[in-house]
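Here the structure of chain A is known, so what remains is to put chains B, C and D in place on it, guided by the hints.
Residue numbers (our numbering), protein chains in the order written: chain A, 1 to 291; chain B, 1 to 388; chain C, 1 to 320; chain D, 1 to 265.
If you are wondering where the hints come from, they were derived from the structure by calculation, not from laboratory data. Remember, it's a predicted structure, so these values are computed and weren't measured experimentally. Just so it is clear, CB atoms sit at the ideal spot from N, CA and C, and this is done for glycine as well. Hints may be right or wrong, so weigh each one.
[To be verified] Cβ pair distances, simulated, as ranges: (1) C/78 to B/334: 41 to 47 Å; (2) A/64 to B/191: 50 to 56 Å; (3) A/277 to C/151: 51 to 57 Å; (4) C/271 to D/120: 34 to 40 Å; (5) B/191 to C/133: 20 to 26 Å; (6) C/133 to A/277: 26 to 32 Å.
[As the list claims (entries may be wrong)] A few chain D residues that face chain C, going by a derived Cβ cut-off under 8 Å, partial list only: (7) 56; (8) 76; (9) 95; (10) 104.
[Unchecked claim] Straight-line C-alpha distance at most 25 Å; calculated DSS-like pairs for lysine-lysine: (11) B/263 to A/115; (12) A/87 to C/304; (13) B/380 to A/115; (14) B/101 to B/74; (15) C/77 to B/178; (16) B/388 to B/340; (17) B/359 to B/327.
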Amino acid sequence: MLPFLLTSGLTTGALYAMVAIGLVLVYRSTGHINFSHGELFMLGGFFAYSLIMFAGLPYVVALFLAVILSFLLGVISDRLVYRPLIKAPGLTMVLATVGFSYLLKGIGRYFWGGKGEYLSIPAIVDPAPIFINDIPILPQQLIVLGAAVAFMVAFALFFSRTKAGKIMQATSENPTASYLVGIRVENVYTWTWGVGAAVAGAAAVLMTPLTLITPDIGATLLIKAFAATILGGLGSMTGAVVGGFAVGLIEQLASGYIDTSLQEIAAFLVIMVVLVFRPAGLFGVYGQRRA
Amino acid sequence: MKRRILDLGALALVGGLFLQGPAKAEVGVTDTEILIGALGVLTGPLYHNGKTIYDGVESVYNEVNAAGGIHGRKIRYVREDDVCKPDQAVPAAKKLIHEHKVFMIHGGGCSNASLAAMPEIVQAKIPWVITASTAPQLTDPVNPMIFTTMLAGWMETEGQLQRAIDLGAKKIAIVKQKDAWADSRYKPLLDSMKARNITPVADEELSPDPTDATAVALKLKTSGADAVIGVLFPKAATVLMRDMYKIGYRPIVVGGSAISDLKAMDQSIGIAGSLDKFEALAPTKHPDDPSVAKWKDVVKKHYPSDTFMTWHLFGVASGEFMVAALKKAGKDLTRESLAKALSDLSVESAAYPGPMTCKPDNHQCYRSMAWFSLRGGEVKQVGVTHLK
Amino acid sequence: MLKLISPVPVFCSAAIFAAALPAFANQYTIFVGNLAFIYIILTLGLNLLLGYTGLLAFVNAALFGIGAYATAIARTKFGIPYGFALPLGGLAALAVGVVVALPALRLTGLYLALASISFAQFAVWVFAHWDPVTGGPTGIRMAAVAYGFSGSWETVHYYVSLAICIASVVVTSNILRSRVGRSFVAIRESEVAAEGLAIDLTRTKTTAYGLSALYAGIAGGLFAPILTLVVPESYDLFQVIVQFAMVVVGGLGSIAGAIFGAVGLIGVQEALRATKELQEIAFGGMILLTVLFLPSGLAGLLRKYLPEWREPLRRRGDDR
Amino acid sequence: MTDAPAKLEIRGLGVRFGGLVALDDVTLSIGRAEIRGVIGPNGAGKTTLLNAVTGVSRPTSGDILLDGRTISGLKSSEIAARGMRRTFQTSQLFRGMTVLENVMTGLHANMRTSIFDAAFSSARVRREEREAAEKAWAALEFVGMTRFADRDGGELSFGQQRIIEIARALVSEPQVILLDEPAVGLSLNRVIELEDLLRKIRAERGVTVIMIEHVIRVVMNVCDRVTVMASGRKIAEGTADEVTSDRNVIEAYLGSGFDADGQKS
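Chain A with its partners taken away, still in its complex shape (with noise of 0.2 Å):
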């Protein structure tokens, strides 16, 4: 029981931490939290699947050309949420980005709504399951671990090591001394909104075939990312990634052993026991919050 439980926690986990890594990322930049960040996931997913099975691309492909997509969408949330609120109080800014999930939701509902109950793309590999030491595991799940993963190194790499990542930091620390030593902050929150975006996309186009996608995944997966990041600690990369696998695996194990109603609801005990008992989480610092 349990080795089955683990794998398909670690899956899910990846999931979950692909996408709160997008969340973070906008939250350690601009403070704000971005709640339409599932329906990027979502239209990531939906992008991936026409240009698989209307435009006949291959997967590769297609997921390079998702995460571009996806990439100018969080362009276009940052023109056209973010940046005209930046000076408004947090809270509107709360509710812009709630308003905009509503419209990306109607969105994807429209274009992509009436295909079929859920929508989903071929895997890359032959999505039998395979066996190692007589776990069986599907193909697609460890392309996704190893996808994860692979985005998780490059992320710590290109904020420790790159240029930009190094800005992204600097602006996410301090953005007054940012602007003092001539960064141009605007561009990079542009920049932050669309790696994130990205990120999002990527893990969409990863877990289609696992989790398929429907108009209203955003929401159900926007949760479990605010679930992975406060566990983790709000505002830390490692903290979404660790909260992420975290959350995958709690809630295999609760509905595993507890009782499988609670698969649903694991997700919301943890970010309440977390958020009472530890604001902080396991890596963040608590108070060092901007909202």
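Below, chains B, C and D without anything else, positioned relative to chain A:
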């Protein structure tokens, strides 16, 4: 200052109690048009339960209108969204009845929403033909104005249980969602199991929109069930079937009415043989069945962006039923004459494997279901059940 | 002449118009009016929490549900007449609101928002799974309220909602003109300064939570009968978002703002029905546009064009 | 000054933030209706002392007594209720309230309006609001700021906000008020007005005032006695003149090797 406000409130309370405006000739019917209202879910996660069905209904109406309408009257089908929620269904129903002033209501998707709108419709004494809601309270006890062309919830699970037993199941498990749609099936399923003194070996819950069902699959496997009755939506069923196959557990699985698009399911699982022992019931024939090809083109013509699905067939059958009833009600169409026509009517529809027959004492006008399974990559109808 | 466009005369004329509405409106409009009163009560309560005390807590949707469930259970399971079941709904929500306040006191800003959204989702889960009490996903069916007046009970219920709505506006205004209101705003502006004036944070925050919970509970008690069905999905995340939008679009920290937000959004939601499948796009787009062009809400407009509009403790300027 | 019982007594007060010793064994006592200045270079622990006394931060050792009764360890709202009021370095006037309402908030602990009185606007709340408004107006008159009574708390200049904060502290007739650098950043005539106000408080209100200050002229002109602190310890105490000629004080401010006039000795 506060006393002044209370006085004003009291004065207005007395002054405001006037009676309503005078009643008109038959509402919603003119010489050239019949105004029919569709109350149901057009947006939100369960929109297929409404929007897609009404695309089917309206395709039938458009065809009839194109052919000159019924007794010279064309049907106008106006839709109001209830987002599958009671707090939206009541205003939607009131708007149809009091603002649009429709002649009758032809629709009803989610059970809770329809149940919430029911008192409003009953009070207005207007005919209501239900397309998809399966809550038994809608037609039991019989209301002279309310009919349904959809299986009742208990009929489905009765059929599923019977099918599982016919297929030789000894230990039966249940996997269900926790929402109104599933609840109106799950509770009667427990009763019919008790009636046959069968106790479920496992009773697990799955969210309507899961990303993973490994835990549920494992619990079913450890329970040793050789048959699983699924009270699930297609996405949950697909994820469950994949994860059961993944852990090497292959029981008989009998799915409910929402899971009849087996080809799409097989495609998204993508693992050959994963659906071999899976059977699903549907009140309709399969969308690819040659006998419904005509309606596939008709729906394509009116709704090009829709992919033809079983939900469309719910609408087509109910649409044809409605057209037959309107024809039977004759030229001087009134709500009473339509109700009388509906109360004794039998209609065959290409979309349904069995007839729709209403009796004065039984407005549950449809009681048949077809069984589908994947045989050699093609969806085959493997059986039909007619309940009394 | 300007004296005419100040809160009291404007509010009285609105109340008179609302009272006369049923005379010339059809059942649908009466229902929408009833809904508007219920949401005014809700937004007043939420505004006390979000706008005046600055507590970013979204528990009102769940408490709205608890009020509705408590009233429904009191009537159907214990046969308590509606006249007592309604206040019971309010008290049940008040009790839960205060209990929820205790852990929430330690949280601020985004943490509080996310914890309260999780609590809202958890409440919906409990409504759907606590079958013996809440009737599970199929919920509880409520008979219409037998008011014993002539005419449809819904019209009478309309006046009951109107009366309670007027009362809650007056009560809110009274509270804001007392030390209790001032202690709310003091906490919002600076907790350390408030404590420096002997304002006990725990007691005041709990009062704010309790008060807004009572408003939400009473609103729930009024809401249940007009739906005749109390089910979990009426109090889910969408309810949280709609109420939140009402308070922000209406304008934080203003009674007029709460009323504008409730009436405005209910009107828009019904108007959006015409957009059919595009309702989500229209709803999301409308919120986005309103927030982009009216960051401090409709009350902000009031401040710009009617500077001498005097309200107790009205929030001025964009808060931080 | 007769040897009246101390209004505020601090015995061996220590405050430690982790390893950092912010206050080290500070002992001082302040008499009734005295204006006590507390000066010292930056980082001397002045504000830490103020925060410890008002309960904003928790002392790690020692005892604080108001009128002989221990208040160390109480919540700052409880200390405030016992008649200890303060102002802040960065003004904390409440926006969204008028200046009058700001000052009325100072009377929160003196009122007994309950949530029910407020909700149903009972006779008690109407009476208490009227009295509070009168007292607040009187406090604004005392500090000469009645013309701003109807303005929003956030619309005033820095100096005006400072004075109104003092009115807000005075309105509840406190035992002790603590002023956190009231004169810093004020123009010259604002400083003169402040000095007059402080003398007026001593003359007419008999309130003990403890003032942390950098503007030495105010300390020299107004304070009865001055306590000098440096790196968390009390290094001198006495009248303004005694203190400014004290060797340790000069060294603390200017470093060793200078005489009283700041010339290299």
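Hint-by-hint comparison with the structure:
Separation of residue 78 of chain C from residue 334 of chain B is about 44 Å and conforms to the stated range, judged on CB atoms against 41 to 47 Å. The hinted window of 50 to 56 Å between residue 64 of chain A and residue 191 of chain B holds, with their beta carbons roughly 54 Å apart. At about 55 Å, the CB distance of residue 277 of chain A to residue 151 of chain C agrees with the hint of 51 to 57 Å. Between residue 271 of chain C and residue 120 of chain D the beta carbons are some 38 Å apart, a value that agrees with the proposed interval 34 to 40 Å.
At about 21 Å, the CB distance of residue 191 of chain B to residue 133 of chain C agrees with the hint of 20 to 26 Å. Distance hint check for residue 133 of chain C and residue 277 of chain A: the Cβ-Cβ separation is about 28 Å, which falls inside the suggested range of 26 to 32 Å. Of the supplied interface hints, the one on residue 56 of chain D holds, with its beta-carbon coming within about 6 Å of a beta-carbon of chain C, less than 8 Å. A least Cβ separation of about 4 Å between residue 76 of chain D and chain C falls short of the 8 Å threshold, and the interface hint therefore holds.
Proximity of residue 95 of chain D to chain C holds as hinted, the smallest CB-CB distance being about 6 Å (cut-off 8 Å). Checking residue 104 of chain D against chain C: minimum C-beta separation of about 7 Å stays under 8 Å; hint holds. In summary, the hint linking residue 263 of chain B to residue 115 of chain A is supported, as the alpha carbons are separated by about 14 Å, within the 25 Å threshold. For the hint pairing residue 87 of chain A with residue 304 of chain C, the CA-to-CA distance comes to about 18 Å; that is within 25 Å, so the pair holds.
Distance check on the hinted pair: residue 380 of chain B and residue 115 of chain A sit about 22 Å apart at the alpha-carbon level, within 25 Å; holds. Straight-line distance between C-alpha atoms of residue 101 of chain B and residue 74 of chain B comes to about 16 Å, which keeps the hinted pair within the 25 Å bound. For the hint pairing residue 77 of chain C with residue 178 of chain B, the CA-to-CA distance comes to about 23 Å; that is within 25 Å, so the pair holds. A distance of roughly 22 Å separates the Cα atoms of residue 388 of chain B and residue 340 of chain B; the hinted pair therefore holds under the 25 Å criterion.
Between residue 359 of chain B and residue 327 of chain B the alpha-carbon distance is near 18 Å, which keeps this suggested pair within the 25 Å criterion.
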